[in-house]
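Just so you know, the protein sequences line up as chains A and B, in that order.
Sequential numbering from 355 applies to the first sequence in my numbering.
Sequential numbering from 4 applies to the second sequence in my numbering.
Where hints are given, some of them may not hold.
[Claimed, not checked] Lysine to aspartate or glutamate pairs mimicking EDC-like chemistry, simulated, CA-CA at most 20 Å apart:
#: 1; chain 1: A; residue 1: K395; chain 2: B; residue 2: D58
#: 2; chain 1: B; residue 1: K59; chain 2: A; residue 2: E458
#: 3; chain 1: B; residue 1: K107; chain 2: B; residue 2: D5
#: 4; chain 1: A; residue 1: K368; chain 2: A; residue 2: D442
#: 5; chain 1: B; residue 1: K55; chain 2: A; residue 2: E458
#: 6; chain 1: B; residue 1: K63; chain 2: B; residue 2: E79
#: 7; chain 1: A; residue 1: K368; chain 2: A; residue 2: E413
#: 8; chain 1: B; residue 1: K80; chain 2: B; residue 2: D5
#: 9; chain 1: B; residue 1: K107; chain 2: A; residue 2: E413
#: 10; chain 1: B; residue 1: K63; chain 2: A; residue 2: D419
#: 11; chain 1: B; residue 1: K55; chain 2: B; residue 2: E19
#: 12; chain 1: A; residue 1: K395; chain 2: A; residue 2: E441
#: 13; chain 1: A; residue 1: K409; chain 2: A; residue 2: E441
#: 14; chain 1: B; residue 1: K107; chain 2: B; residue 2: E18
#: 15; chain 1: B; residue 1: K80; chain 2: B; residue 2: E19
#: 16; chain 1: B; residue 1: K71; chain 2: B; residue 2: E45
#: 17; chain 1: A; residue 1: K395; chain 2: B; residue 2: D87
#: 18; chain 1: B; residue 1: K63; chain 2: B; residue 2: D5
#: 19; chain 1: A; residue 1: K395; chain 2: B; residue 2: E19
#: 20; chain 1: A; residue 1: K374; chain 2: A; residue 2: E458
#: 21; chain 1: A; residue 1: K418; chain 2: A; residue 2: D381
It should be emphasised that the hints constitute simulated quantities derived from the structure, not laboratory data.
Since the model is a prediction, treat every value here as computed from it, not as a measurement.
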Amino acid sequence: GAVVSQHPSWVICKSGTSVKIECRSLDFQATTMFWYRQFPKQSLMLMATSNEGSKATYEQGVEKDKFLINHASLTLSTLTVTSAHPEDSSFYICSAPVLAGVDEQFFGPGTRLTVL
Amino acid sequence: GDSVTQMEGPVTLSEEAFLTINCTYTATGYPSLFWYVQYPGEGLQLLLKATKADDKGSNKGFEATYRKETTSFHLEKGSVQVSDSAVYFCALTPSGNTPLVFGKGTRLSVIA
Numbered sequence: 355g356a357v358v359s360q361h362p363s364w365v366i367c368k369s370g371t372s373v374k375i376e377c378r379s380l381d382f383q384a385t386t387m388f389w390y391r392q393f394p395k396q397s398l399m400l401m402a403t404s405n406e407g408s409k410a411t412y413e414q415g416v417e418k419d420k421f422l423i424n425h426a427s428l429t430l431s432t433l434t435v436t437s438a439h440p441e442d443s444s445f446y447i448c449s450a451p452v453l454a455g456v457d458e459q460f461f462g463p464g465t466r467l468t469v470l
Numbered sequence: 004g005d006s007v008t009q010m011e012g013p014v015t016l017s018e019e020a021f022l023t024i025n026c027t028y029t030a031t032g033y034p035s036l037f038w039y040v041q042y043p044g045e046g047l048q049l050l051l052k053a054t055k056a057d058d059k060g061s062n063k064g065f066e067a068t069y070r071k072e073t074t075s076f077h078l079e080k081g082s083v084q085v086s087d088s089a090v091y092f093c094a095l096t097p098s099g100n101t102p103l104v105f106g107k108g109t110r111l112s113v114i115a
C-alpha cells in the first residue's frame, strides 16, 4: 500500500523555540494532506488541510500564525510549530488520500512533540 | 456537523472472547465509514471500511456492517487475540478527498 512518512518521529525542545515536522508521501503524489493532533488517550482532531501550491485551510480555533503549514511539492508538506510552549506538546499526525476523489487515506506514523 | 460516537473504553477481554465495539454516526448524505487501529507507539492503520449501506467490511477476522437505518458501524470479532490489543477508532468521511471525522477511540486490552 501507499506509504506516508514523518520526520522526526519524536522531538524535545525548549519553550520558545520552533519545530518543523515533515510529512512525505513516498510512492504517490499528494495534492492534499491533512494534519491532525492527538492528545494522550484522546482522539485525532483535524488541525488543517494542506494543499499543494496554495494556502492551507485551518480549522476553527487553530492559530495559523502558530502552526505554519507549507505544501511545497506534491510529496512534501511541513508543519512548523512556532514559539512552542508546553501546551503544544502532543502527537502530530499527517495523512494523505492516495487518489483524488478516493476516500481512503494513509497515515504517517506520527511525531511526538514534547516542549519543556 | 458530522460526528462519530463510539463506546468508551477501556475494554478488557480474555483471549478468544467475542468483541463488539459500538459506533454510531451523524452525517448528512452517505458517508464512507472506517475502522482504524493504532497499536502502541505506532500510527493509524486502516482496518476495514464500507462505502454504502449494507456493505460489510472485513479484515483479519474483524467485521463491521454499514447500517443506514440505525446509523451504525459496529466492530466485531469472534475470537480476540492478545495481539489485537490496541486502540480502535471509528471514522467517517463525507466524500472523497475530505478529512476524516474520528470517534474518541476505544482501548482494547486482551489478556491471555
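*Restraint check for K395 (chain A) with D87 (chain B), where alpha carbons must lie at most 20 Å apart*: With Cα atoms ~17 Å apart, K395 (chain A) and D87 (chain B) stay inside 20 Å; holds.
_Check the hint pairing K107 (chain B) with D5 (chain B) against an upper bound of 20 Å on the C-alpha distance._
holds (14 Å)
*asked:* Please verify whether K395 (chain A) and E19 (chain B) have alpha carbons no more than 20 Å apart.
replied: Violated, at roughly 26 Å.
*Keeping to a limit of 20 Å between CA atoms, is the pair of K107 (chain B) and E18 (chain B) held or broken?*
Distance of about 24 Å is beyond 20 Å: violated.
*Given the proposed pairing of K374 (chain A) with E458 (chain A), does the C-alpha separation stay at or below 20 Å?*
With Cα atoms ~26 Å apart, K374 (chain A) and E458 (chain A) exceed 20 Å; violated.
*Going straight from one Cα to the other, do K418 (chain A) and D381 (chain A) come out at no more than 20 Å?*
violated (29 Å)
_Restraint check for K80 (chain B) with E19 (chain B), where alpha carbons must lie at most 20 Å apart_ = Between K80 (chain B) and E19 (chain B) the Cα gap is close to 9 Å, so the pair holds against 20 Å.
*asked:* Against the 20 Å threshold, does the CA-CA distance of K80 (chain B) and D5 (chain B) hold or violate the hint?
replied: violated (27 Å)
*asked:* Next pair to validate is K63 (chain B) with E79 (chain B); report whether the Cα-Cα distance is within 20 Å.
replied: holds (11 Å)
*For the pair supplied as a hint, K368 (chain A) and D442 (chain A), is the alpha-carbon distance within the 20 Å limit?*
holds (11 Å)
*asked:* Between the alpha carbons of K409 (chain A) and E441 (chain A), is the straight-line distance 20 Å or under?
replied: violated (25 Å)
*Is the hinted pair K63 (chain B) and D419 (chain A) satisfied, with a Cα-Cα distance of at most 20 Å?*
violated (43 Å)
Violated hints for the displayed structure, listed by number in ascending order: 1, 7, 8, 10, 11, 13, 14, 16, 18, 19, 20 and 21.
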